[in-house]
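**Student:** Spelled out, the chains give:
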Amino acid sequence: MSGLLINDVSMTFELPNGGKVEALKNINLDIKEGELMSVLGPSGCGKSTLLNILAGFLAPTEGTMTLAGDQILAPGPERGMVFQHGALFEWMNVSKNIGFGPKMKGVPQAEIDAKVEELLDIVGLQEFGEKMIYEMSGGMQQRVALARCLANEPDVILMDEPLGALDALTREKMQSLVLDIWKKTGKTIILITHSVEEALLLGERLLVMAPRPGRVHKEYTLPFAELGVGADLREVKRHKDFGKTRDEILNMIWDMEEEIMGRTENA
Amino acid sequence: MLQEIITTLGTTFWMILGILGIFAIYLAVSGVCSIVYNMYMRGKDAARGYTSLKTVTFGDESAVTGNRAASVAAVVTLFLFWGIATGSKLLPPILPGPFVGDSSFSYTATNAAGQTADATVYVRVHEAANKEATKPEFTETATGFAKSDALVVPERRTKIIKVQSNDDGGTEEGFKVTAVNGQEIAPNQAVAIDAGEVFMTRKGSLSVRPASGLTMEALYLPPPEQAWKRFLNVWENGYLGVGLWENVTWSLIRVVFGFALGCLFGIPLGFAMGLNSWLRGWFEPIVEFMRPVPPLALIPLIIIWFGIGEQGKISLLFLAALWIMTIAARAGVSGVNIAKIHAAYSLGATKKQILSKVILPNSLPEIFTGARVAMGVCWGTVVAAELVAAEKGAGKMIIAASKFQLTDIVIIGIIIIGIIGYGIDVLMRMAENKLVPWKGRG
Chain Z
1 MSGLLINDVS
11 MTFELPNGGK
21 VEALKNINLD
31 IKEGELMSVL
41 GPSGCGKSTL
51 LNILAGFLAP
61 TEGTMTLAGD
71 QILAPGPERG
81 MVFQHGALFE
91 WMNVSKNIGF
101 GPKMKGVPQA
111 EIDAKVEELL
121 DIVGLQEFGE
131 KMIYEMSGGM
141 QQRVALARCL
151 ANEPDVILMD
161 EPLGALDALT
171 REKMQSLVLD
181 IWKKTGKTII
191 LITHSVEEAL
201 LLGERLLVMA
211 PRPGRVHKEY
221 TLPFAELGVG
231 ADLREVKRHK
241 DFGKTRDEIL
251 NMIWDMEEEI
261 MGRTENA
Chain R
1001 MLQEIITTLG
1011 TTFWMILGIL
1021 GIFAIYLAVS
1031 GVCSIVYNMY
1041 MRGKDAARGY
1051 TSLKTVTFGD
1061 ESAVTGNRAA
1071 SVAAVVTLFL
1081 FWGIATGSKL
1091 LPPILPGPFV
1101 GDSSFSYTAT
1111 NAAGQTADAT
1121 VYVRVHEAAN
1131 KEATKPEFTE
1141 TATGFAKSDA
1151 LVVPERRTKI
1161 IKVQSNDDGG
1171 TEEGFKVTAV
1181 NGQEIAPNQA
1191 VAIDAGEVFM
1201 TRKGSLSVRP
1211 ASGLTMEALY
1221 LPPPEQAWKR
1231 FLNVWENGYL
1241 GVGLWENVTW
1251 SLIRVVFGFA
1261 LGCLFGIPLG
1271 FAMGLNSWLR
1281 GWFEPIVEFM
1291 RPVPPLALIP
1301 LIIIWFGIGE
1311 QGKISLLFLA
1321 ALWIMTIAAR
1331 AGVSGVNIAK
1341 IHAAYSLGAT
1351 KKQILSKVIL
1361 PNSLPEIFTG
1371 ARVAMGVCWG
1381 TVVAAELVAA
1391 EKGAGKMIIA
1401 ASKFQLTDIV
1411 IIGIIIIGII
1421 GYGIDVLMRM
1431 AENKLVPWKG
1441 RG
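Chains Z and R supply the protein sequences, listed in that same order. Residue 42 in the working numbering sits at position 42 of the first sequence, and the numbers go up by one each step. If you want the working numbering, it's the position in the second sequence, counting the first as 1, plus 1000.
These aren't lab readings, by the way, just hints derived from the structure by calculation. A portion of the hints provided could be inaccurate.
Unchecked claim - Covered stretches of chain Z, going by a simulated chain R footprint (3 or more residues, C-beta under 8 angstroms):
id : region
1  : 73-81
2  : 99-105
3  : 193-204
Please read these numbers as outputs of a predicted model, since none were measured by experiment. Backbone N, C-alpha and C define an ideal beta-carbon position, used for all residues, glycine too.
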């Protein structure tokens, strides 16, 4: 019972004009410990809402979620978040950002320092501990965000389009890093993305969600994440199933978007 | 009412013309300086930075940097204008100054019997500062019944002289002055002389008006050297028993105390309003109402409540700073990116920790911006409050000096107030760069 259990979660809210939005409807998921899951879907399919509910920032209107048997009611350090733009504290240097979680818990400074040192090494920022956040590039900032999240030793890492704002080259490097960290730490990782390729690469399990109401449309179990650990990601992309699955999912999302457009036009 | 508005419109129109004229002169000087500068710089090594390679500079704000040479020339020009307009002794005379020196004119009188005789009036025009000037001495050359006169006049002033009073038969009916320097004169008429003009009053006396020239009188604007001399004097001896530094320090102390009080209450109040719906609702009406009330409008009430002592002034400055700091702190809280708050909660921070480690540092840039505005407003308010009632202070010094028409003290007071206001802003900016280097780079 150490996994993440999502039990019949629905999220409905009212718009100011009286309309109702079913952001999520009857979501049931059982995410095992150490699983790497990516979530994909067109805008408005509720994937960010799902992540915010899991993080504890939003309360679902129906259903429950449990992590290792404990119900999720509020944000907590056992569920770490990585945001699209890092959400780093720019008034602290890199080391202080990474050590923020342990510091808040009252961990002794010597232990924090050792932990920070180790994490700087993992994310490849050995020399940058004393740098200020605003002196670093977007990719480096995301490395810091990852390290800050890891420093707290969460059971689950929730990633909200963490690589969305990066250029293609940096993105590829960061994808490798995410895979490495997943393998090294054995953390459960749930990653939301807009990029089909990224979802394929960074998901043992891939969830395609559909909008109105937000729901799970299709689920895949994929070998690419395992193949990609420590390997050349471009090699993985040349795998014959990779292209096939990518096209299938792209068509699926294309159809969903067509449908949404059609509905708006008819309305 | 309507009539007054129309009159005001007319006044404003004339002001537009006046301002245009002044600007035109100043811009023309700027243009000339610019041409000279460019001619001087031609062939000199220009900057070879990235910006110098930009071809599009018109519209690219980052390519426009203040030309230091222009700034220096502008300030020098201002001082030159000041010197020229006041006839400064440091410059060669450019505008004609007031007539100063000895002069004379002759007059022709007709006595009751119809005979005429000539006499001379010796005029000495002395500088305003020279209080010991005496009437010029002369040897009588007049031969008839008219006798010569002597007259001493301060520059730019007018003096009436009844030339006939020492003439033989001058008090008789029918005795009158008929010409000046050979030109006929009658009551309400004027005749030009070397030193200016002579005007005949309705009763037949002569009014001597030395030429006032085109320069400004020290009463309106003292020349720079006079202001400087006065500055040194006030620096050493103070004014009305209060040292220059003491005046300035008192103004600053009031500002610092009032501002500190405003921060002490304003920042927590702003945080409360940014963090709690009830408290925002509770304080919003008063904050929104008090914010647009200029602090100067509160001076009468403050004087009624607290008198003219320090308490009143500090209360006023407290009120001036309070709302600005409240709104700045509130804006700082609302400016916190929600992702940062979420991140902090996900990292296990408590509410108290989020307040001190995330919200407070994150709102510091906004608070500093507010503090700069508040310091500026406080400085303006303290001077104004001292103008109304105070025993010491920069504002007190200039208002007291104005009552004795010591325009030079008023001018140096204004310059000192300006420099200190600017200094405060520079200091605040330096503190900002030092304390919140991440500002605008989040």
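**Student:** Run every hint past the structure and note whether it holds.
**Tutor:** Checked hints:
1. 73-81: holds (count 7)
2. 99-105: holds (count 4)
3. 193-204: violated (count 0)
The structure fails to meet hint 3 from the earlier list, while all remaining hints are met.
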